[in-house]
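Participant: Sequence:
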Amino acid sequence: MLGCTTRRVRVRSVLRLFLTLLVVCCGTRVSFAGAYLQDPSYGIFIAGVGFSEGSRRFDNSARPRPAPAYRKAVADGYLEYGLAPFLTVIAAPTLAREGVAANTVTGSDSSAFGARLGLA
429 MLGCTTRRVR VRSVLRLFLT LLVVCCGTRV SFAGAYLQDP SYGIFIAGVG
479 FSEGSRRFDN SARPRPAPAY RKAVADGYLE YGLAPFLTVI AAPTLAREGV
529 AANTVTGSDS SAFGARLGLA
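Straight run, no breaks: the sequence shown in the working numbering ends on number 548.
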């Protein structure tokens with residue numbers, strides 16, 4: 429086909445144009461957003477546990493070989509509690525026990541604490 433030029437339209441470009449027109453044509457409204465806060469004296473608690481172990485390792489040839497037994501047990505939680513209508517405290521403690529054979533360590537694997545404050 430000499431003298432004919434065709435132009436390929438990318439699907440992403442068409443989709444982006446369609447979504448932009450949809451937002452503009454449907455109008456926009458003012459929206460307000462803020463932090464999700466727990467009601468005072470109410471909260472949530474989520475708990476989880478996990479266990480893993482291994483007694484083999486892979487050598488340089490990718491063959492499994494015996495290794496000292498490794499074990500890890502983890503208990504973690506997530507707590508949100510509303511102290512006031514504008515303040516929620518957050519705690520995410522973790523307790524872990526891990527080690528190889530007789531060399532085990534017990535303690536906090538990683539924990540986080542904080543607060544969520546409503547500004548408006």
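Careful: at least some of the hints might be erroneous.
As the list claims (entries may be wrong) - No more than 20 Å apart at the CA atoms, straight line, and that leaves these computed lysine to aspartate or glutamate pairs for DMTMM-like:
1. Lys-500 x Asp-537
2. Lys-500 x Glu-481
3. Lys-500 x Glu-526
As the list claims (entries may be wrong) - The calculated label-pair distances, taken between Cβ atoms and stated as ranges, are:
4. Gly-527 x Leu-450: 37 to 43 Å
5. Val-517 x Arg-491: 50 to 56 Å
6. Leu-447 x Ser-536: 43 to 49 Å
7. Asp-537 x Val-439: 24 to 30 Å
8. Pro-468 x Leu-443: 44 to 50 Å
9. Gly-546 x Glu-481: 42 to 48 Å
10. Ser-536 x Ala-497: 21 to 27 Å
11. Asp-467 x Gly-505: 34 to 40 Å
12. Ala-495 x Ala-475: 45 to 51 Å
13. Val-517 x Arg-493: 47 to 53 Å
14. Gly-482 x Leu-449: 53 to 59 Å
For the record, the hints were derived by calculation from the structure and aren't laboratory data.
Don't be surprised by glycine CBs; every beta carbon is placed ideally from N, CA and C.
Participant: Hint by hint, note whether the structure agrees.
Facilitator: Here is what the structure says about each hint:
About 11 Å separates the Cα atoms of Lys-500 and Asp-537, which keeps this hinted pair within 20 Å; it holds. A distance of roughly 6 Å separates the Cα atoms of Lys-500 and Glu-481; the hinted pair therefore holds under the 20 Å criterion. A hinted pair counts as satisfied when its Cα atoms are at most 20 Å apart, and Lys-500 with Glu-526 qualifies at roughly 4 Å. Range check, Gly-527 to Leu-450: Cβ separation about 57 Å, and the 37 to 43 Å hint is violated.
Checked against the given bound of 50 to 56 Å, the beta carbons of Val-517 and Arg-491, roughly 51 Å apart, stay inside it. Distance hint check for Leu-447 and Ser-536: the Cβ-Cβ separation is about 46 Å, which falls inside the suggested range of 43 to 49 Å. In this structure the supplied range 24 to 30 Å is violated for Asp-537 paired with Val-439, their Cβ-Cβ distance being about 45 Å. The hint said 44 to 50 Å for the Cβ distance between Pro-468 and Leu-443, and at roughly 45 Å that hint holds.
At roughly 44 Å, the beta carbons of Gly-546 and Glu-481 sit within the given window of 42 to 48 Å. At roughly 23 Å, the beta-carbon separation of Ser-536 and Ala-497 lies within the given 21 to 27 Å, and the hint holds. At about 20 Å, the CB distance of Asp-467 to Gly-505 disagrees with the hint of 34 to 40 Å. For Ala-495 and Ala-475, the hinted distance range of 45 to 51 Å is not satisfied, since their beta carbons lie about 31 Å from each other.
Judged by the Cβ atoms, the range 47 to 53 Å given for Val-517 and Arg-493 holds: they are separated by roughly 48 Å. One distance hint, 53 to 59 Å for the beta-carbon pair Gly-482 and Leu-449, holds here, with the actual separation near 55 Å.
Violated hints, listed in ascending order, are 4, 7, 11 and 12; each of the other numbered hints is respected by the structure.
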